[in-house]
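There are 2 protein chains.
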Amino acid sequence: MPRFKLTIEYDGGPFVGWQRQANGLSVQEALETAVAGYCQVDAVVHGSGRTDSGVHALGQVAHVDLPRHDPPGKVRDALNAHLRRHPISIRQVEQVDEDFHARFSARERSYVYRILNRRSPPALDAGRVWWVGADLDAGAMHDAGQILVGHHDFSTFRAKECQAQSPVKTLDELAVTREGEEVRLFVRARSFLHHQVRNMAGALKLVGEGKWTADDLQRALDARDRAAGGPTAPPQGLYFLSVRYPEHDA
Amino acid sequence: MPRFKLTIEYDGGPFVGWQRQANGLSVQEALETAVAGYCQVDAVVHGSGRTDSGVHALGQVAHVDLPRHDPPGKVRDALNAHLRRHPISIRQVEQVDEDFHARFSARERSYVYRILNRRSPPALDAGRVWWVGADLDAGAMHDAGQILVGHHDFSTFRAKECQAQSPVKTLDELAVTREGEEVRLFVRARSFLHHQVRNMAGALKLVGEGKWTADDLQRALDARDRAAGGPTAPPQGLYFLSVRYPEHDA
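Chains G and P, in that order, give the protein sequences. Numbering-wise (the numbering used here), the first sequence opens with residue 1 and increments by one. Numbering-wise (the numbering used here), the second sequence opens with residue 1 and increments by one.
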């Protein structure tokens, strides 16, 4: 059976998250139902990583084995037709080797966290951003955030429920930029702990408000204790941006 | 009573349009209800212009007379608190002279029309863009669109229901640009006819697809007949961007 790589955009708002769960509709279940409608098979759609309820994706990646040798463009259009009732869109389909695995072949993941930073609440971007009314100093957030770049024990920014074997990760890039009323946090790493990006965003917001200095952020990281890490930013500002695989290294 | 100028963002999706109507909730009615909740008065909120059901605003302007001399920032926050149930946000409040009128003082209005131009449907921008799957040539749309700039009889792009006294208007600027998967039409004029922007967007889409040449667009304009004008673009791609008033001319 040919294996297909799917690049997927979704609005996380109506879903319980990426992963199949008994308590509501997940993005994975919606995709597997679309595959069943298209190919009349019960196939597992393997994602590159989970997202929490309310977290969005611009470029989640998954793979699935299909019993049909259709051209990738036809697979994309057929799955999108079956997904019409859901805010999920298959942006790209590629046929890949059978040793490709969306999760285990992934070399790097990137996320963006969007903060709407103005006095008035979001209307058009409700459910798409974290609304922070107090003025944020994006430059201070960026500068302090460089403390988090590199090889660290990220226990301070790790959810209690995290299933990773080790809290030690390498954060390859962190950038905070302002575009008008919006402050954006971009992060890139091989992998992230559960809630790591939202927890880092919550701490950096304290820096942006002037409630924390860079030294406070350093002390929080060094504490290796979630209780020292500040608030968890809400899910609706987070976007799973992209995944990089070895074949794209060139 | 002091007069306040409101700059308003809204998601047009859940509303019957800007103007109060018997058949459903309008943006105007939601604002007037918020004013009543804040000041216990039945005040009319005068908009700078109507928008159709489904059309969004980033910078609609309105004025209202309030029986309280509150500072503008307090008026903004209080109205936003009363609007919490609706996707409407007061971005700015300014106290203005009593001869200011949101509609009659307006010197210029600008709109953006957003087209998502890719094979896969929108997920995060559903209800926020016109999805066009066929490749659009934004350069050809821009070049042909310059035919519409200037002083013309725009009957071809005027809705049957339009209440303007004359179909002759001056279009001051039209620009079509591509930003990645998105094609954006920007227009600026003292005022527009009913459906004029959506009808121009529909015709320019035909140019972008290669179904119409610039000569076809010229012939459509010259026909002064709506039947010659091509399709009306759907409301959800249209954004009322801003209004310019004389005091800001400097």
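These are calculated hints, taken from the structure and not from any lab test. Source: prediction; values computed, not measured. Misleading hints may appear alongside valid ones.
[As the list claims (entries may be wrong)] Below 20 Å or equal to it, Euclidean Cα-Cα: the simulated DMTMM-like pairs (lysine to aspartate or glutamate) are: (1) K169/P / E108/P; (2) K160/G / D99/G; (3) K211/G / D135/G; (4) K160/P / D222/P; (5) K74/P / D135/G; (6) K74/G / D222/P.
Hints versus structure:
At roughly 12 Å between alpha-carbon atoms, K169/P and E108/P fall within 20 Å of each other, so this suggested pair holds. For the hint linking K160/G to D99/G, the alpha-carbon distance of about 33 Å lies beyond 20 Å, and the restraint is violated. Annotation: proposed proximity of K211/G to D135/G holds, straight-line Cα distance about 12 Å (limit 20 Å). Our distance criterion of 20 Å between C-alpha atoms is met by K160/P and D222/P, whose separation comes to about 17 Å.
The suggested pairing of K74/P with D135/G holds, with an alpha-carbon distance near 17 Å, which does not exceed 20 Å. For the suggested pair K74/G and D222/P, the alpha carbons sit about 42 Å apart, so the restraint of at most 20 Å is broken.
Figure legend: structure checked against the earlier numbered hints; hints not met, in rising order: 2, 6.
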